[in-house]
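Novice: Sequence:
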Amino acid sequence: MTLHGKPLIAGLLAQWAANNLTAPSLRAVNPATGETLEPAFIEADEAQVSAAVEAAAGAFAEYRRRTPAERAAFLDAIGRHIEALGDGLLDRASAETGLGLDRLRGERGRTIAQLRMFARLIEEGSWVDARIDTADPSRKPAPKPDLRRMLVPIGPAAVFGASNFPLAFSVAGGDTASALAAGCPVVVKAHPAHPGTSEMVAGAIAAAAAETRMPAGVFSMIHGRAPAVGLALVRHPQVKAVGFTGSLRAGRALFDAAAARPEPIPVYAEMGSINPVFVLPGALAERGRQIAEGLKASVTLGVGQFCTNPGLVVGLDDGDGKFADFKTEAARLIAQTPPGVMLYPGLRDGFVAEAGRFEAIPGVSHSGGPPKGDGPAQARPMAFSVDADTFLGQPELSQEMFGPSTLLVTARSREQVLAIAANLAGHLTATIQGNADDLEQWRDLIDVLREKVGRLIFNGFPTGVEVSSAMQHGGPYPATTDPRTTSVGTAAIERFVRPICFQDFPQAVLPPELHDKNPRGIWRLVNGERTRGEI
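Numbering (my numbering), first residue to last: 46 to 580.
Hints in this document: simulated from the structure, not taken from any laboratory. Where hints are given, some of them may not hold.
[Said to hold, decoys possible] Label-pair distances were calculated between CB atoms; the ranges are:
| # | residue 1 | residue 2 | range |
| --- | --- | --- | --- |
| 1 | Ala273 | Pro551 | 44 to 54 Å |
| 2 | Glu256 | Pro186 | 54 to 64 Å |
| 3 | Arg332 | Asp527 | 33 to 43 Å |
Every residue, glycine too, gets a C-beta built ideally from N, C-alpha and C.
Construct the complete structure from the given sequences, taking the supplied hints into account.
Specialist: Next up, the structure:
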């Protein structure tokens with residue numbers, strides 16, 4: 046596939062925007078070699094941002110009226126066209142990110158699978174949460190009206206591609222898939238670190254839209270390194286919701302911009318997490334080395350570039366030396382892991398700066414060499430150690446360091462362990478390594494942690510997020526801007542909808558999901574009872 050380097054406006058490949066030779070542009074860089082990749086990608090200006098959003102707004106009325114079967118066919122077609130890109134997509138993604146082909150092959154499979162998962166969800170239909178309370182004209186002192194409520198698409202959605210998942214959290218990732226499934230046209234701002242990968246996937250979406258005869262404005266994609274591009278997208282009055290995965294600084298800027306609009310809109314931003322792991326005494330005594338090996342694998346997986354990387358490990362030193370031995374072994378395993386290539390040089394530079402900030406704090410020690418590896422984006426895994434008093438007295442130690450590292454904290458008492466948990470901000474996950482006795486003795490720790498995270502893990506590690514209907518990938522601020530939602534799993538569709546209630550409307554103009562005969566056969570709440578039957 047020949048890369049154009051131009052924004053895709055209103056979906057069709059034949060409508061690539063005209064090249065403006067004076068416009069600013071960006072190029073991808075191979076993080077493993079430092080090589081600058083061709084072509085240049087034109088950064089969108091305000092006019093192109095507006096054109097993309099206006100096209101989405103123009104497509105909304107038609108797209109939301111498409112049947113669930115038609116939207117499902119569109120999502121399935123996107124998956125087929127991504128698959129048809131073959132190894133060329135993987136090769137470009139690897140060149141732009143430094144990720145291996147095996148990792149990218151798995152991520153492509155996940156991307157296609159979640160598109161199909163949402164297709165099946167909307168075909169089945171019960172996700173609209175239809176609720177019907179039938180009329181009672183004889184009720185005294187006032188008649189009871191007929192009320193019928195369901196979820197409907199909210200409108201055009203802006204989606205920001207993430208750096209660490211160039212396929213599964215990017216142009217056709219979970220945010221795009223869930224918004225399209227809900228009935229919302231999408232405008233994507235591609236991540237500047239992998240613009241060629243983004244263009245190839247955007248072309249697949251455009252081809253799928255043409256094949257299934259979707260309105261052209263159902264999908265657009267723009268490029269932009271400058272923050273002004275993303276802010277212009279969020280501030281456009283026709284954008285009704287935003288999906289974002291990235292840094293706290295960028296996510297908060299988008300959230301604040303959306304809140305300051307004359308019509309504020311929801312921003313579903315996933316922004317960072319240290320995903321604390323609590324190693325309890327019983328588990329430590331039974332399988333301390335096994336836990337250390339699992340921790341090393343989780344910390345260094347993907348060069349630590351997962352939002353679920355376990356960046357904090359807390360254990361109790363009760364005088365038997367077991368947690369000290371565990372720390373030594375875990376630090377040794379992490380420090381012996383070979384350096385890896387991070388997604389782009391700026392990300393590695395940020396990791397080096399954060400490691401330097403940790404090292405400068407009195408009482409903090411570390412294992413391993415310097416964080417900077419030999420290549421232009423290469424980083425060396427690191428394990429830091431500190432006691433609980435220092436950790437509790439230095440709030441900056443509880444901030445995320447994005448990369449292959451973790452902080453091992455030694456508590457001297459049960460009270461210190463609980464104080465660390467109580468002082469945590471919001472995170473995506475927390476993990477408890479324990480046995481049956483630990484769970485009984487540390488119920489108060491579990492009670493604290495369940496208020497701090499979206500996913501609580503027992504005897505596992507947080508890396509690896511299952512794409513399923515029961516997954517919760519979100520947590521209290523600053524992990525996300527809305528802990529009630531998830532960016533992974535079928536419940537992600539709820540971010541791009543709003544409820545509407547029809548009162549005393551005739552059947553002929555009601556959506557099929559609210560008809561008496563229930564022609565779609567979905568589960569509904571009728572007069573307080575869950576049923577698939579007719580009224």
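Novice: Compare the structure with each hint and give your call.
Specialist: Do the hints match the structure? See the list:
1. A beta carbon spacing of about 49 Å between Ala273 and Pro551 agrees with the range 44 to 54 Å that was offered as a hint.
2. The beta-carbon spacing between Glu256 and Pro186, approximately 58 Å, falls within the hinted interval of 54 to 64 Å.
3. At about 37 Å, the beta-carbon gap between Arg332 and Asp527 stays in the expected band of 33 to 43 Å.
When held up to the earlier numbered hints, the structure conflicts with none and fits them all.
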